[in-house]
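Q: One-letter residues, chain by chain:
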Amino acid sequence: MKRTWLVLAMVLMFGTLFTSPGWLSGQYATAQEAQKGGTLRLVLGEDPDSLDPHGTISATASGVQGFIYDRLVYINLKGLPAGRLASSWTISPDQKVVTFKLRTGIKFHDGTPFNAKAVEFTFKRLLDPATASPARAQFKEVQDVRALDDTTVRFTLEKPFAPFFTNLSTSYAGIISPTAVQKYGKDFGRHPVGTGPFKFDSWIAGSSIILARNADYQQFRDDVLNKGPVHVAGLVFKVVPAVGTRIAAMEAGEVDLIPLTRESAARFLNDARFQVVTVKNAQNFVFIEFNYKRPPFDNQKFRAALGWAVDKKAIVEGAWGGFATMNLNPIPVGVPGWDDKIGKQYGIGFDPRKAASLLDELGWKINPSTRIRERDGRPAKFTCSTYSGFETVKRGCEIIQANLKDVGMDVDVKLTDFGTLSAEMPKAQFDFDLMRWTWSEPNILSLLFKTPGWRELYTDSELDAVLDRADTNMDAKARLDTVKQAQTMILQKAIVIPILTDWAMTAAQANVQGIHLDFFGTIFFEDLWLKK
Amino acid sequence: MAVYVVRRLLFLVPVVLGVLTLVFLMRALVPGDPIEIMYLGQLPPDKATVDSIRHELGLDAPLPVQFIRYLGSALRGELGRSVRTRRLVREEISNRYKNTLLLAFASLGVAVAVGLSMGILAAIHRDTPIDTATMVLAMWGLSMPAFWFGLIMISVFSVRLRWLPVMGSDSLKHLVLPAVTLGLIASTVLARITRSSMLDVLNAQYVRTAHAKGLTHRTVILRHALKNALIPVVTILGLQMGGLLGGAFIIEIVFSWHGVGELAVQAIQQRDFPIIQGVVVVVAVTYVLINLAVDLTYSALDPRIVYK
Amino acid sequence: MRPRPSLLKQLLRRRPAQIGGAVIMLLVLCAAFAALLAPYDPYKVKTADRLLRPSSHHWLGTDDLGRDQFSRILYGARTTLQVGLISVGIAMIIGVPVGVLSGYYGGWADLLIMRWIDIMLAFPYILLALAIVATIGPNLRNAMIAIGISSVPGWVRLVRGNVLSAVRNDYVSAAQALGATDWRVMFVHVLPNTLSSVVVLATLQFPTAVLAAAALSFVGLGAQPPSPEWGALLIGARDWIWTAPWLVNFPGVAIFVTILGFNLFGNALRDTLDPTLGQP
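Protein chains in written order, with my numbering: chain V, 1 to 532; chain R, 1 to 308; chain B, 1 to 280.
Read the hints as simulated data drawn from the structure, not as lab findings. A few of these clues could be false.
[Unchecked claim] Below 25 angstroms or equal to it, Euclidean Cα-Cα: the simulated BS3-like pairs (lysine-lysine) are:
#1 V:Lys427 with R:Lys47
#2 B:Lys46 with V:Lys354
#3 B:Lys44 with V:Lys365
#4 B:Lys46 with V:Lys405
#5 R:Lys47 with V:Lys124
Construct the complete structure from the given sequences, taking the supplied hints into account.
A: Dropping the structure here:
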């Protein structure tokens, strides 16, 4: 998906999971005393639409919001929720009531105190239909939020909801200053006020955003070394949509950190002037999905046959330049519940002979004169759609096109701009497409596949039942077993053909010090400092 | 004269109506819903939320109603709100419009300086190697894909030499590279026009007379020939300004110079129609005004041209 | 009205016309014989050979899917030629008749058409093309239609201007006096007079169309993969400029040389057909 693409493209430094040993958070130690001051210069792929956490769910905006608003909880290095603005919580026996105890002595950037009322205000506003927050869907299980006293907040859920804590840790759930919301009203998104490590300074529409250090900040995360205010004086985000321009800006020393693409990675990897952070356990995955309402794609055997014909390794190498991990599971490599064994056992790998024999079985025979398969006089002529503007998926489609030609299918590649694609897909005006999604919670499976599917084309009550069990199980380990069961089912039904998870790579100037990553592979900006 | 200006200004009304009709036509035909695009690939918001956003922005009304409403508010100088940011279109556009105008005028400055001198040089040294060289250079610029030229400029002046910043629209220093890139491309047409126009004028009777009166070559060229040769040049300038205003988006994107071109392309991709309307109206009005200025310049250059 | 042989000779005596003509011939030859000339299959994906520098095996290197760039550029000549010819053709087919009618009849129709053209001219050209492609769907055919339609206003203006001066000629009034129908006057007497500028504009619009196709590719609305259309090659490779510059530079040079050729030829043609404009 484009938006999720933007996760890679714009959320730049907010990387994703890690693997290379040097960046392992636990092993990080301050070799040198951090120096204070200096401004970190970062890039954004587009001008954020709003910095009101209830006004947007764009990845770019959320990335910036993460610095301004702290959340009640965070996900620690073990992947478990831990307290941030909340010091502790209790869960009722029926798993439907969560009561948070809040920390005290914290102030919003506007000087007003953080307390239970502010938390109640934040979530009431998020859930209020009048706010029309696009993030509301993530908290739709929340029935009620109430401040019991100054430091206690009670959340009542409609039913047990496993992704609740992860969702609470996202920037959509950042705690906002009620006073500022009253003061700025609709314009709060241009004057954001939270309790986070950086406070909003200024915003030139379409051009740049400046955040300044919050001098009163106290850090409660265990995985961050710096417990006080951040080392740098501030952050400058510059809007730079063109990849080539970012590379040039990095070369010319105009920015400190940029996200890397397959085209640029090689340039920075072996250059002492730069450091490269590679996160292989990223939370995206690329897959082929089908128009399940249009024959022959309603047939799971046909979908599998198509899948077996696709050379995933070639796509990793050719389309992603090798900066990706082949992934046969229908879930991103970096999401809990991903298990290599499932992909090995049930995954649809590359076996053109198997593809050919499956197609023969289904009655799609090669017409010797055209060398294209036919069934009942209908040639195997299909269209592979994807969104325009991204070379990786375009190249991926070209490889799929070449692969399918080898088994006797004639495929047109159709690059459509995002708007047209979004209009065509619900109307079922396509054959199959190459997609990319990013999500860090195992409930990505529900988002994609639960009836009616994210594009409203797929119905499957058997799978729905399993996904429901996964979403309502508050026991993390037992839940992951259900998640694995769902993956197996998705592969057996060949609902999608998973291909790969691409790596999140970030280049930093050599003088950027203190880089280490959280559970999701995000760089801790609280620990960054600039060597003079 | 005043009547003429007023009549030309009145022409703005059909132009604005015309371009707005085009945009609304586009809106009826182009597939894609701005709100869906905004949230595609994200956890989709529930339908009630989407509907309430749509209602807030007035997008749930039938298109003709939206059109009338839009015209009503446009008359009051209000261009609506962006679907994406829900901010006033005026606020979204103003800063970028300033950038675009700045870039357009700066490029025009470069184009005029380079193009005129090349053209004059070629005309004076007609049929010499200088003439050939300038015209070959002019061809060169005309044939260069703008974006490729821009990247080459960046790689030479920003990355290798480090004289100028790669990107941004913060200061005049940032203006230099995009303005020179665009200006050089535009200058090549000007050089050709200037040359041929100069040649026509140099052959004219009054220039020969001036020579005969014993005026120096320099005076003749600058005082008599150039002034008259400028008329077709000014026409071309007016036309080029149109291209620079709306068509420079590739250069804007390559140099991260945040202007209305970049904004419009983004808005088309996101189907943010209020923004597209805003950009198109602003560009069209500017274009008409500049062409009015061009026509008025004619009469300044040549007193025989009188507008009634 | 075909150019008299002496005109052709005059034209070919000009150095720019020689160079431009040679480039155009070369382009046509490449387009016609791409299949014979290309050393490799331009669509064959071979990831083992990806991103090879130019060498004796691959004269212009290989792209990120291991396809031979020389072969792709040869095949691309055909598409690129198509883009230029068809877009210009579309603009001409609409623009010339409208211009003739508007100029010949004058009056209200002319006024309306010209006001409409003024409005179209005030609408940014590339935004119009973008909008049209977004409406009718992105592929090369639609891109050509969009580019063609977007450049109609320029054509109408030019042809109308020519017609206006042509109808003042004595032979037109003579034909009218002799009872020739309007259609006959328009197409037999007036139209041929505009032909020279039409030919010139066509040569000069060709480069614009090729560059516009590249601009559409920039926002993903140009040629569809695996088409080796040059604009798509150039724009598609833009992020490789620092790591595999040959992917950007060779299509860039190909476009540059072609456009240069058309511009040289077009200008020489104009100078030959219309000697009143300054000599080159």
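Q: For each hint given before, does the structure comply? Return the numbers of the non-compliant ones in rising order.
A: Result: no hint breaks.
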